[in-house]
Amino acid sequence: MEDLGIFNHFYTLIIVSAGAALLGTVSGALGSYAVLRRQSLLGDAISHAALPGIAIAFLLTGSKTPLILVLGAAIAGWLGTLLIMSIVRLTRIKYDSVLAIVLSTFFGFGLVLHTLIQRTGNANQAGLDTFLFGQAATMLESDVLTIGILGGIALIVMLIFWKELKLLVFDEGFAASIGFPIRTLDILLTSLLVVAIVLGLQAVGAVLMSAMLVAPAVAARQWTDRLRLMVFLAACFGALAGVSGTIISSTASRIPTGPTIVLCATAVVGFSIVFAPNRGLVWDRIRHQRNRRNLKMETSRN
Amino acid sequence: METSQIEIQLIAIVTAVACALPGVFLVLRRMTLMSDAISHAILPGIVIAFFLTESLSSPLLILAAAGTGVLTVVFVELLQRTKLVKADAAIGLTFPALFSIGVILISRFAGNVHLDMDAVLLGELAYAPLNKLQAFGYDDLGPVSLYVMGMILVLNLVFILVFYKELKLVTFDASLAAALGFAPTVIHYGLMTLVSVTTVGAFDAVGSILVVALIAGPPVTAYLMTDRLSRMLMLSALIGSVNAVSGYWVAFLFDVSIAGSIATMTLLIFGFVFLVVPNRGLIAIARRHARQKWEFAQTMLVIHLFNHEGLPEAEAESAIDGLHEHLSWDPGFTNQVVRYALNNRCVSRKETQLILTAHGRTIAQKTLVQ
Amino acid sequence: MSYGTSNEWFPYYEQAFSAGTFSYRTGNELPDYEQAFSDNGVLGMQASEQKAIQVTDLTVAYQDKPVLWDIDLDVPPGVLLAIVGPNGAGKTTLVKAILGLVRPAAGNVLIYDKPYEAQRRIVGYVPQRGSVDWDFPTSVLDVVTMGCYGALGWIRRPGRRERELAMQALEKVGMEAYTTRQISQLSGGQQQRVFLARALVQDATVYLMDEPFQGVDATTERAIVTLLQELRADGKTVVVVHHDLQTVTDYFDWVMLLNIRRIASGPVDEAFTSDNLRETYGGRLGFMKTDKSDV
Numbered sequence: 001m002e003d004l005g006i007f008n009h010f011y012t013l014i015i016v017s018a019g020a021a022l023l024g025t026v027s028g029a030l031g032s033y034a035v036l037r038r039q040s041l042l043g044d045a046i047s048h049a050a051l052p053g054i055a056i057a058f059l060l061t062g063s064k065t066p067l068i069l070v071l072g073a074a075i076a077g078w079l080g081t082l083l084i085m086s087i088v089r090l091t092r093i094k095y096d097s098v099l100a101i102v103l104s105t106f107f108g109f110g111l112v113l114h115t116l117i118q119r120t121g122n123a124n125q126a127g128l129d130t131f132l133f134g135q136a137a138t139m140l141e142s143d144v145l146t147i148g149i150l151g152g153i154a155l156i157v158m159l160i161f162w163k164e165l166k167l168l169v170f171d172e173g174f175a176a177s178i179g180f181p182i183r184t185l186d187i188l189l190t191s192l193l194v195v196a197i198v199l200g201l202q203a204v205g206a207v208l209m210s211a212m213l214v215a216p217a218v219a220a221r222q223w224t225d226r227l228r229l230m231v232f233l234a235a236c237f238g239a240l241a242g243v244s245g246t247i248i249s250s251t252a253s254r255i256p257t258g259p260t261i262v263l264c265a266t267a268v269v270g271f272s273i274v275f276a277p278n279r280g281l282v283w284d285r286i287r288h289q290r291n292r293r294n295l296k297m298e299t300s301r302n
Numbered sequence: 001m002e003t004s005q006i007e008i009q010l011i012a013i014v015t016a017v018a019c020a021l022p023g024v025f026l027v028l029r030r031m032t033l034m035s036d037a038i039s040h041a042i043l044p045g046i047v048i049a050f051f052l053t054e055s056l057s058s059p060l061l062i063l064a065a066a067g068t069g070v071l072t073v074v075f076v077e078l079l080q081r082t083k084l085v086k087a088d089a090a091i092g093l094t095f096p097a098l099f100s101i102g103v104i105l106i107s108r109f110a111g112n113v114h115l116d117m118d119a120v121l122l123g124e125l126a127y128a129p130l131n132k133l134q135a136f137g138y139d140d141l142g143p144v145s146l147y148v149m150g151m152i153l154v155l156n157l158v159f160i161l162v163f164y165k166e167l168k169l170v171t172f173d174a175s176l177a178a179a180l181g182f183a184p185t186v187i188h189y190g191l192m193t194l195v196s197v198t199t200v201g202a203f204d205a206v207g208s209i210l211v212v213a214l215i216a217g218p219p220v221t222a223y224l225m226t227d228r229l230s231r232m233l234m235l236s237a238l239i240g241s242v243n244a245v246s247g248y249w250v251a252f253l254f255d256v257s258i259a260g261s262i263a264t265m266t267l268l269i270f271g272f273v274f275l276v277v278p279n280r281g282l283i284a285i286a287r288r289h290a291r292q293k294w295e296f297a298q299t300m301l302v303i304h305l306f307n308h309e310g311l312p313e314a315e316a317e318s319a320i321d322g323l324h325e326h327l328s329w330d331p332g333f334t335n336q337v338v339r340y341a342l343n344n345r346c347v348s349r350k351e352t353q354l355i356l357t358a359h360g361r362t363i364a365q366k367t368l369v370q
Numbered sequence: 001m002s003y004g005t006s007n008e009w010f011p012y013y014e015q016a017f018s019a020g021t022f023s024y025r026t027g028n029e030l031p032d033y034e035q036a037f038s039d040n041g042v043l044g045m046q047a048s049e050q051k052a053i054q055v056t057d058l059t060v061a062y063q064d065k066p067v068l069w070d071i072d073l074d075v076p077p078g079v080l081l082a083i084v085g086p087n088g089a090g091k092t093t094l095v096k097a098i099l100g101l102v103r104p105a106a107g108n109v110l111i112y113d114k115p116y117e118a119q120r121r122i123v124g125y126v127p128q129r130g131s132v133d134w135d136f137p138t139s140v141l142d143v144v145t146m147g148c149y150g151a152l153g154w155i156r157r158p159g160r161r162e163r164e165l166a167m168q169a170l171e172k173v174g175m176e177a178y179t180t181r182q183i184s185q186l187s188g189g190q191q192q193r194v195f196l197a198r199a200l201v202q203d204a205t206v207y208l209m210d211e212p213f214q215g216v217d218a219t220t221e222r223a224i225v226t227l228l229q230e231l232r233a234d235g236k237t238v239v240v241v242h243h244d245l246q247t248v249t250d251y252f253d254w255v256m257l258l259n260i261r262r263i264a265s266g267p268v269d270e271a272f273t274s275d276n277l278r279e280t281y282g283g284r285l286g287f288m289k290t291d292k293s294d295v
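Chains as they are written, first to last, in the numbering used here: chain A, 1 to 302; chain B, 1 to 370; chain C, 1 to 295.
Misleading hints may appear alongside valid ones.
Quick list of in silico lysine to any residue cross-link-like pairs, SDA-like style, CA-CA up to 20 Å [claimed, not checked]: (1) A:163 / C:65; (2) A:163 / C:180; (3) B:168 / B:180; (4) C:65 / B:288; (5) C:65 / B:83; (6) A:64 / C:67; (7) B:83 / C:133; (8) B:83 / A:267; (9) C:65 / B:367; (10) A:64 / A:117; (11) A:163 / A:185; (12) B:366 / B:296; (13) A:163 / C:152; (14) B:293 / B:332; (15) B:83 / A:185; (16) B:168 / B:231; (17) A:163 / C:67; (18) A:163 / C:78; (19) B:350 / B:312; (20) B:83 / A:117; (21) B:293 / C:67; (22) C:65 / B:180; (23) B:83 / C:135; (24) A:64 / C:180.
Source of the hints: derived by calculation from the structure; they are not laboratory data. Just so you know, these numbers come straight off a predicted model, no measurement behind them.
For reference, chain A alone in the conformation it holds in the complex:
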């Protein structure tokens, strides 16, 4: 009996680690584009805006099937993004303010719907906690499969349109001048981001999702000056954070998985910013001192 318990525990750990690794990979890779476009916080807005979508999907279908709820989340996240874009286009309100207002009010509306559902006795507070903090620890094989398939599709699409997306992010005007439809590409890239976010909601939840997009990408950027390598490294860092966070949180009781994953990702960022060659702070200091020494030597020689 004892052995079986350990085996079960181990099996669960592997499943959860695999799920977290997959999510880290997808959000790390796609987050790179968000960071490069200075849309790091769009992820935060989309993840919060997803709540009413989940609630409405549940109210309409009465089902708690993850796929249906994920679909609802994606649609709401998408609508939120669309609203953000139109308000920015039609008014003088700045992007950051629009993000803040859409993020908080969509979430508030989601909360209203949630209390409505609660009142009918169909759900409990746990559902909301899951949305807020994820439920990495309770991931099942089928969840991991869903994440693998949807995330895999998103990554493949990203690879297929690699050249076009790179051009869009780097030089939109030029892209348009040679005939690429930037609106369409923009929608494509945002949709990929929405996929990464609604998948990630399950692991780390709405509040911490933005870290899963931003942290691996920022860390990866410090190690390389090439987009290809940056996206690859960000995917690796995301996976690393996912696995290490899962393992650390399993070593002791009452350490929630999502926040631990985020802290692992943040640690990778900290390490990268300090120690990465060329760009890192230590490197910078060394170069600085070497320059000063050289300058001193030259002035003394003269």
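Given chain A's structure and the hints, the job is docking chains B and C onto it.
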């Protein structure tokens, strides 16, 4: 109305106004998301202070949490200063990390302390009146949070009134403010401290996510209505109050979360203002568009004729039959514009040609000179 | 950190969606311009001659605010044309309208008698250097290779042939030693030369360049001038948004003076007169040499 209902609405109004006032400066300074960062990042400060004081409304807790908020701002700015991380990414990195620390602290020691995660994130306005102030031998001097938020509101008001000129200058021209010796950094951190204190005070009632709606919503709505800072402050306070009261009653009617309902009303009222406000509203834009459509087309026509007047190609350029080709307009539309311009006596017909009248020439000249 | 004045927060959306132009233009029906002009000489040139760029009665408005009024411009093949005018004159907008990046409210643009959409492959574009984030993780060679993306079309990746083309272009601008350099490590002038190389890779017949001389060092300025002359020698047409009035006569053979409307256009010695300049710049011409009036 019961006393508790009045109390809840009072707390909601005071909180909304207290949040909206510093929010105006955040919105104008393009730092709105800093409030999102602060409201999440203060969690570890709240938790640690809660361990020490075991009360959610002790002054020490507010100070500790506010300190964490300012620390967040410092942290974000340090990250940015390395030039390795852009401003938005720096925010996106900092607050989830601090928030995660808070969450882990809570779950690790959840058994020892009574601090509900949902209370922090979502708040519960309905319970606010239950915690009464007890002093001087009275056991009901009104809800504690009303006093706390009231003091924060007064603090914000005093700060804004005293440093109004400086805030205005720092907001619209930070470098000029520095040159004039107004120490933009001091004003900046003063404002950030206010935002932190306000956020801590408000999270008790509305939670750390929806406080963003209170901070950003009213100023953004007011921004559509006015260009004057003083008016924007007053309108924000007013809109904040309307959001709060209407949100409360919607929540009461449908028996749903008050904070969520206030946030929803914030969006709806923003949407309503966006639709109907003069000048910048959607309806105003559409109507102006429709009105200017003919004016603008007429001006284009007049300028077109003016540009080619007296030149060798004038005959081809001003032939009525050929106009739509030159301007790439739909022939029907071109006819309508010509008729419109004829009616307004900007142009006149001379056989197959359209020629400018003196009036039309003046319009063209005026338009091109400005 | 100055949030108040900085424009660098989320610049993308402002750019991408500000182009809320309003347009009365009909679809793609193209009137026969050859016909319209064949009987009437167009100012300063022979009507029968083919034009590299032909802008007719172009009006562009952003939201409700017009930025270009009824612009006519004919650029014959093989000339170096400078577009000059004060800030806010609509120079960049004109270039963008020629490239089909903004929709005009009236008027038309033809490149060698066909609309831009049909002629994309023979048009090269050098955007303003400040329009992109030079901290983007990519190399010099990679940016220059982007010049091939139009010819490659969707999905196909650049290969060895494209990289060779890019190398040749880099040699032409004297940047072959920097191929693997990250683009943020370049000086402003070097960055500008990378952009020029990218346009060269497009192997276009008509080039549109937005402020290529802005903030570049003397070496780069000379390199660009040499390049422009080579392009002209090859029969290419080059339109350059330019802000330095002093060098117009030395660098260019045609000029367009623009301030919301076209003040003048034509060969430099005809159009670049002090009268026209005064009309373009209003009273703000104190720094200009006035000895141009004798031409």
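**Q.** Restraint status (C-alpha distance of residue 293 of chain B to residue 67 of chain C at most 20 Å)
**A.** The given pair, whose Cα atoms are some 16 Å apart, holds under the 20 Å limit.
Q) Are residue 64 of chain A and residue 117 of chain A close enough, with their CA atoms no more than 20 Å apart? A) holds (12 Å)
Q) Given the hint that residue 163 of chain A pairs with residue 78 of chain C, does the C-alpha gap stay at or below 20 Å? A) Violated, at about 33 Å.
Q: Please work out if residue 65 of chain C and residue 367 of chain B have their alpha carbons no farther apart than 20 Å.
A: Since the Cα atoms of residue 65 of chain C and residue 367 of chain B sit roughly 12 Å apart, the hinted pair holds (cutoff 20 Å).
Q: Starting from residue 64 of chain A, check that the Cα of residue 67 of chain C is at most 20 Å away, please.
A: violated (54 Å)
Q: Compare the distance between the alpha carbons of residue 83 of chain B and residue 117 of chain A with 20 Å, and conclude whether the hinted pair is satisfied.
A: violated (47 Å)
Q | Straight-line alpha-carbon gap residue 64 of chain A to residue 180 of chain C, limit 20 Å | A | Violated. Residue 64 of chain A to residue 180 of chain C sits at ~52 Å, over the 20 Å cutoff.
Q | Restraint check for residue 293 of chain B with residue 332 of chain B, where alpha carbons must lie at most 20 Å apart | A | It holds: about 15 Å lies between the C-alpha atoms, which stays within 20 Å.
Q) Are residue 83 of chain B and residue 185 of chain A close enough, with their CA atoms no more than 20 Å apart? A) Distance of about 29 Å is beyond 20 Å: violated.
Q. Within a Cα-Cα threshold of 20 Å, do residue 65 of chain C and residue 180 of chain B meet the stated pairing?
A. Roughly 36 Å separates the two Cα atoms, so the pair is violated.
Q | Given hint residue 312 of chain B paired with residue 350 of chain B - CA-CA distance at most 20 Å | A | holds (17 Å)
Q) Taken at face value, is the distance from the CA of residue 135 of chain C to the CA of residue 83 of chain B at most 20 Å? A) holds (10 Å)
Of the hints listed earlier, those the structure fails to meet are numbers 1, 5, 6, 15, 17, 18, 20, 22 and 24, in rising order.
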